[in-house]
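With the hints as constraints, model all of the structure from the sequences given.
The sequence shown begins at 47 in my numbering and counts up one residue at a time.
To be clear, the hints were calculated from the coordinates, so they are not data collected in a lab.
Note that beta-carbon positions come from the ideal geometry of N, C-alpha and C, so glycine has one too.
Some hints could be false.
[Said to hold, decoys possible] Capping the alpha-carbon separation at 25 angstroms, the derived lysine to any residue pairs in SDA-like fashion look like this:
no.	residue 1	residue 2
1	K60	Y89
2	K50	T105
3	K60	N123
4	K162	D106
5	K118	V150
[Said to hold, decoys possible] Label-pair restraints from in silico Cβ distances:
no.	residue 1	residue 2	range
6	G131	E182	43 to 49 angstroms
7	N139	L103	19 to 25 angstroms
8	T105	D59	35 to 41 angstroms
9	K60	D106	20 to 26 angstroms
10	V150	V66	39 to 45 angstroms
11	Q81	G131	20 to 26 angstroms
12	K77	Q157	40 to 46 angstroms
13	V100	G165	36 to 42 angstroms
14	Y89	K181	46 to 52 angstroms
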Amino acid sequence: MKQKIVIYNEQADKFVSVTVGQLLDKEWVIKDIPQLQELDLSYTVEQNVEKEIVKVLTTDTFSVIIADDRVKSLTYNEWESYRVGQAYAGIENLLSNQSEKIKVLFKQFTQDMQDKYAGQASWVKIYNNLIENIKEG
47 MKQKIVIYNE
57 QADKFVSVTV
67 GQLLDKEWVI
77 KDIPQLQELD
87 LSYTVEQNVE
97 KEIVKVLTTD
107 TFSVIIADDR
117 VKSLTYNEWE
127 SYRVGQAYAG
137 IENLLSNQSE
147 KIKVLFKQFT
157 QDMQDKYAGQ
167 ASWVKIYNNL
177 IENIKEG
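Structure below.
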């Protein structure tokens, strides 16, 4: 298991790094771990999120996402793919004022990055696609 993992509050779009030992040592609550207090998880009190976090930890866990009604463990590649998708969603409004070629460039690059983190594309493929899309633009 990793020595540290990322705990991410999707609602607040905040994350912190926590030592795994802090999560596995004993029964704990959010107020016991200063980093977790930064995440503003007060809305999860009814969920018993502490036990849910421990329950989803595996040897491959890189991050734990706390969303409205779920706690989910992600590997490093899943985390990176998730964040790439979030970044693209964040710029979609900005892209609405751009040419179709620019939109395609960003969409293809985002898809290539998600493919990379799914183990389906290499950096070489990503850069080759990017160069081709720039040439066509």
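Measuring from beta carbon to beta carbon, are Q81 and G131 in 20 to 26 angstroms?
holds, 25 angstroms
At the C-beta level, are Y89 and K181 separated by a distance inside 46 to 52 angstroms?
holds, 48 angstroms
Can you let me know if the beta-carbon spacing of V150 and V66 is within 39 to 45 angstroms?
holds, 41 angstroms
Hint check for D106 and K60 - Cβ pair distance inside 20 to 26 angstroms
holds, 23 angstroms
Straight-line alpha-carbon gap K60 to N123, limit 25 angstroms:
holds, 19 angstroms
Is 40 to 46 angstroms a correct range for the gap between the Cβ atoms of K77 and Q157?
Cβ of K77 to Cβ of Q157: about 41 angstroms, so the range 40 to 46 angstroms holds.
Taken at face value, is the distance from the CA of V150 to the CA of K118 at most 25 angstroms?
Not OK: K118 and V150 at ~31 angstroms, beyond 25 angstroms, violated.
Has the hinted range 19 to 25 angstroms been met by the Cβ atoms of N139 and L103?
violated, 36 angstroms
Checking one constraint from the list: CA of K162 to CA of D106, max 25 angstroms. Satisfied?
With a Cα-Cα distance of about 18 angstroms, the restraint between K162 and D106 holds, given a limit of 25 angstroms.
So if I understand the rule, the pair passes when the alpha-carbon distance is 25 angstroms or less; does K50 with T105 pass?
holds, 11 angstroms
Hinted pair, alpha-carbon criterion (25 angstroms max): K60, Y89. Please report holds or violated.
holds, 14 angstroms
So the hint says 35 to 41 angstroms: do the beta-carbon atoms of T105 and D59 match that?
Violated: the Cβ-Cβ distance is about 27 angstroms, outside 35 to 41 angstroms.
Of the numbered hints stated above, those contradicted by the structure are hints 5, 6, 7, 8 and 13, listed in ascending order.
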